[in-house]
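Undergrad: Residues per chain are reported as follows:
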Amino acid sequence: EAAVTQSPRNKVTVTGGNVTLSCRQTNSHNYMYWYRQDTGHGLRLIHYSYGAGNLQIGDVPDGYKATRTTQEDFFLLLELASPSQTSLYFCASSDAGDRASYEQYFGPGTRLTVL
Amino acid sequence: QQKVQQSPESLIVPEGAMTSLNCTFSDSASQYFAWYRQHSGKAPKALMSIFSNGEKEEGRFTIHLNKASLHFSLHIRDSQPSDSALYLCAVESSGSWQLIFGSGTQLTVMP
Chain Y
142 EAAVTQSPRN
152 KVTVTGGNVT
162 LSCRQTNSHN
172 YMYWYRQDTG
182 HGLRLIHYSY
192 GAGNLQIGDV
202 PDGYKATRTT
212 QEDFFLLLEL
222 ASPSQTSLYF
232 CASSDAGDRA
242 SYEQYFGPGT
252 RLTVL
Chain B
31 QQKVQQSPES
41 LIVPEGAMTS
51 LNCTFSDSAS
61 QYFAWYRQHS
71 GKAPKALMSI
81 FSNGEKEEGR
91 FTIHLNKASL
101 HFSLHIRDSQ
111 PSDSALYLCA
121 VESSGSWQLI
131 FGSGTQLTVM
141 P
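Residue numbers (this note's numbering), protein chains in the order written: chain Y, 142 to 256; chain B, 31 to 141.
It is worth saying that the hints were derived from the structure and are not from the lab. Note that the Cβ used here is the ideal one computed from N, Cα and C, for glycine as well. Be careful, since some hints might not be right.
[As the list claims (entries may be wrong)] As a list, the in silico SDA-like pairs of lysine to any residue whose alpha-carbon atoms are at most 20 Å apart:
(1) B:Lys33 to Y:Ala144
(2) B:Lys72 to Y:Thr180
(3) B:Lys75 to Y:Leu196
[As the list claims (entries may be wrong)] So these bits of chain B aren't anywhere near chain Y, every CB distance computed over 10 Å:
(4) Glu39
(5) Gln61
(6) Asn83
(7) Lys86
(8) Leu95
(9) Ser112
(10) Gly132
(11) Gly134
[Stated by the list, open to error] Over 10 Å on every C-beta distance to chain Y, these chain B residues come out as not near it, computed from the model:
(12) Ser56
(13) Ala73
(14) Ser114
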């Protein structure tokens, strides 16, 4: 089964602080995604990437940057954190190639609190 | 862009009951329709998927897709307390490798 790990698992920061969330997948998947999950909103896509150096904008990108440094590693950056970014963040990966590969594999999540 | 809506928001059923969860979408050109299950404090995990109109059964779970009515559903036969979770429907955003998720149905199965 696909393995996706995230760090840190919990993070508390203050308004205006800098935060980097990390994600690593070890299954050679080409697509990686960052979501935020808030009660009543399901999973909302922030950014995604189809390979090292590539970045695509998702549905809720404001206030977030992302960078894909390698096939395995995808980072989410909050450079001026705000309380509205308090949320549960999930990273996911998928192996695009045919329609059977739409399935996404999720990491365990990072709970971020911005005070 | 694809719009996805789920109903109901929450559902409480007794053990052994049949449970039905619903999802509507706006773009019939999508090719992948799936249900993900998320137990409390855990990551979402794919439960079942379907690509074309009709039904697909796996054990106690059945997924039904009707593209003409822009609707798909998940039915759980003989619901168990271990089925208690947040259920998220997901639809491929046509022409991309994005999934659009619904806001979820919180299912509680009472022993």
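Undergrad: All hints, please: hold or fail.
TA: Hint-by-hint comparison with the structure:
For the given pair, B:Lys33 sits about 29 Å from Y:Ala144 by alpha-carbon distance, which is inconsistent with the 20 Å threshold. With a CA separation close to 15 Å, the supplied pair B:Lys72 and Y:Thr180 stays within the 20 Å bound. About 24 Å separates the Cα atoms of B:Lys75 and Y:Leu196, which puts this hinted pair outside 20 Å; it is violated. Chain Y draws B:Glu39 into its interface by the beta-carbon criterion, the shortest separation being 8 Å against a cut-off of 10 Å.
The non-interface label for B:Gln61 is inconsistent with chain Y: the shortest C-beta to C-beta separation is roughly 5 Å, within 10 Å. The beta carbon of B:Asn83 is kept farther than 10 Å from every beta carbon of chain Y, the shortest such distance being approximately 15 Å. Its beta-carbon lying about 13 Å from the closest one in chain Y, B:Lys86 satisfies the requirement of being farther than 10 Å from that chain. With a least beta-carbon separation of about 14 Å from chain Y, B:Leu95 lies farther than 10 Å from that chain, consistent with its non-interface assignment.
The beta carbon of B:Ser112 sits about 19 Å from the closest Cβ of chain Y, which is more than 10 Å, so the claim that it is off the interface holds. For B:Gly132, the non-interface assignment is contradicted: its Cβ lies about 5 Å from the closest Cβ of chain Y, within the 10 Å cut-off. Here B:Gly134 does not stay apart from chain Y, with its beta-carbon only about 5 Å from theirs, under the 10 Å limit. The Cβ of B:Ser56 lies farther than 10 Å from every Cβ of chain Y, with a closest approach of about 14 Å, so its non-interface assignment holds.
Separation of B:Ala73 from chain Y is inadequate, the least Cβ-Cβ distance of about 4 Å not exceeding the 10 Å criterion. B:Ser114, annotated as away from the interface, keeps every beta carbon of chain Y farther than 10 Å; the closest lies near 17 Å.
When held up to the earlier numbered hints, the structure conflicts with 1, 3, 4, 5, 10, 11, 13 and fits the remainder.
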